[in-house]
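Residue numbers (the working numbering), protein chains in the order written: chain A, 1 to 279; chain B, 1 to 279.
Since the hints were derived computationally from the structure, they do not count as laboratory data.
Mixed in with the good hints, there may be bad ones.
[What the hints assert, rightly or not] Covered stretches of chain B (in silico footprint by chain A; criterion: 3 or more residues with CB under 8 Å from a CB of chain A, positions within the stretch not fixed): (1) 78–89; (2) 130–141; (3) 223–235; (4) 248–262.
Just so it is clear, CB atoms sit at the ideal spot from N, CA and C, and this is done for glycine as well.
2 protein chains.
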Amino acid sequence: MNKVPIDFPELKPGTVWLAGAGPGDPGLLTLLAHHALGQADVIVHDALVSEGVLALRRPGCGLEYAGKRGGRPSPRQADISHRLVLLARAGKRVLRLKGGDPLVFGRGGEEALALVEAGVPFRIVPGISAGIGGLAYAGIPVTHRDTNSAVTFITGHDLTGAVPERLDWDALARGAPVLVLYMALKHLDRIAARLIAGGRPADQAVAIVSKAATPDQQVLETTLGRCAAEAEAHNIEPPCVIAIGETVRLRAGLDWLGALHGRTLTPDPLRLRRDREAG
Amino acid sequence: MNKVPIDFPELKPGTVWLAGAGPGDPGLLTLLAHHALGQADVIVHDALVSEGVLALRRPGCGLEYAGKRGGRPSPRQADISHRLVLLARAGKRVLRLKGGDPLVFGRGGEEALALVEAGVPFRIVPGISAGIGGLAYAGIPVTHRDTNSAVTFITGHDLTGAVPERLDWDALARGAPVLVLYMALKHLDRIAARLIAGGRPADQAVAIVSKAATPDQQVLETTLGRCAAEAEAHNIEPPCVIAIGETVRLRAGLDWLGALHGRTLTPDPLRLRRDREAG
Numbered sequence: 001m002n003k004v005p006i007d008f009p010e011l012k013p014g015t016v017w018l019a020g021a022g023p024g025d026p027g028l029l030t031l032l033a034h035h036a037l038g039q040a041d042v043i044v045h046d047a048l049v050s051e052g053v054l055a056l057r058r059p060g061c062g063l064e065y066a067g068k069r070g071g072r073p074s075p076r077q078a079d080i081s082h083r084l085v086l087l088a089r090a091g092k093r094v095l096r097l098k099g100g101d102p103l104v105f106g107r108g109g110e111e112a113l114a115l116v117e118a119g120v121p122f123r124i125v126p127g128i129s130a131g132i133g134g135l136a137y138a139g140i141p142v143t144h145r146d147t148n149s150a151v152t153f154i155t156g157h158d159l160t161g162a163v164p165e166r167l168d169w170d171a172l173a174r175g176a177p178v179l180v181l182y183m184a185l186k187h188l189d190r191i192a193a194r195l196i197a198g199g200r201p202a203d204q205a206v207a208i209v210s211k212a213a214t215p216d217q218q219v220l221e222t223t224l225g226r227c228a229a230e231a232e233a234h235n236i237e238p239p240c241v242i243a244i245g246e247t248v249r250l251r252a253g254l255d256w257l258g259a260l261h262g263r264t265l266t267p268d269p270l271r272l273r274r275d276r277e278a279g
Numbered sequence: 001m002n003k004v005p006i007d008f009p010e011l012k013p014g015t016v017w018l019a020g021a022g023p024g025d026p027g028l029l030t031l032l033a034h035h036a037l038g039q040a041d042v043i044v045h046d047a048l049v050s051e052g053v054l055a056l057r058r059p060g061c062g063l064e065y066a067g068k069r070g071g072r073p074s075p076r077q078a079d080i081s082h083r084l085v086l087l088a089r090a091g092k093r094v095l096r097l098k099g100g101d102p103l104v105f106g107r108g109g110e111e112a113l114a115l116v117e118a119g120v121p122f123r124i125v126p127g128i129s130a131g132i133g134g135l136a137y138a139g140i141p142v143t144h145r146d147t148n149s150a151v152t153f154i155t156g157h158d159l160t161g162a163v164p165e166r167l168d169w170d171a172l173a174r175g176a177p178v179l180v181l182y183m184a185l186k187h188l189d190r191i192a193a194r195l196i197a198g199g200r201p202a203d204q205a206v207a208i209v210s211k212a213a214t215p216d217q218q219v220l221e222t223t224l225g226r227c228a229a230e231a232e233a234h235n236i237e238p239p240c241v242i243a244i245g246e247t248v249r250l251r252a253g254l255d256w257l258g259a260l261h262g263r264t265l266t267p268d269p270l271r272l273r274r275d276r277e278a279g
């Protein structure tokens, strides 16, 4: 670290910061979130916040778990919001820490509105979303000049846990050339079938990135037609971020993390593929 | 800052880190990017990297400008990539710093592939993209439970500077309920017209956020039908990120930055609107 001071705002007693912790690597924390970890009296975190991130909290800072995880009862969203209000009213400096970014399928907006209703001051601290930064750790760009001028991020389940039905899946299939799915492992068979029915090629490249940007990161390269069956066959574990589209093929050139461990990268994977297809 | 050390990788001589600087606020830098600023011999940056971020470089670190900005000649992409290779081959520790995230309409993939071709080792360091973090500083969530299970990010111009023609604009209009446009100010009239022709309501809420997450941030709330004319009437300056969809209305409740300066927030802006529409 260099020594130039930054004029950070203070996490004041009686206030809440809703912050993103990024996909896993503590190096992907923002300076602001890191600053808040050093100031908070209590951290209310979800299951996706890594141990390495929580280890950066100041000594004596309390930890409260408020996430959904197999085998444990899940607190209701209203209960979490209520808890944040109570802690702030008790004069605590509260850090609400979520995996990724709090406003990307993170329900940060709901919690913030509950704070507004209770008159509790708050700040939103964006984080690196897994759909961008997690894929970057797998060597997959969400956009690339030769492949796409648009990318769509979709959550794989709605509030009831089912595939979101209000979405126009045909339009999504025909829209952005790259789709990124969050929390979609459970319903991947149905989502893939809807996208193929909407015109997406069954042989389109797919990457399933499990535990992105953590030491346990695993990447399964497959296709839209086979992805659900292969995820099951390989016992892929959540959390996953799933990329669908030609950018996935760039991984052969951009897997910098693999290269650090000896993988040889291909300078132009898309040209290679075009040449092959041309015979 | 607290004192727990993080085991950061070293930015080694002869290597390049392609890093995102976030939308503007130096507090939105990642710890890894901040670490690299303290190690680099030279930083090759674009116009969107803020002065506050560059001020965090170590004393003696060189600065090279490689961005597009009005009035200055724009270096060609191939020249930038070539320059990165030359600097690395000269044994420098090179930090290639881009506004936002290097892989979200940032051409980071192209530069990385050029490094692979030249045999230069590299690392990709994700950043907070303006389409997520910049909008958060305007109090606009890119996703929200009541409004959208999907969001699409679109660049407003292709390589030639024109509106991307390969995109299916009708499908994009009908797909994700929230659209986020990057670099779209110049062609906003044509893009808005295409989205309306594709079925998007002309009275849909739009926010144009200029210089997001900087001290000069400006937010114009408007509608799809009027946004291009109003942007011109208000002399809105680039860079802008533009949000289209009902989440924009949540700003009345979530403009935390405005609240820090005295704005009174509305606890439930969407309910308020539904009640009004119900008469």
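Going through the hints against the structure:
no.: 1; hint: 78–89; in the structure: violated (count 0)
no.: 2; hint: 130–141; in the structure: holds (count 7)
no.: 3; hint: 223–235; in the structure: violated (count 0)
no.: 4; hint: 248–262; in the structure: holds (count 6)
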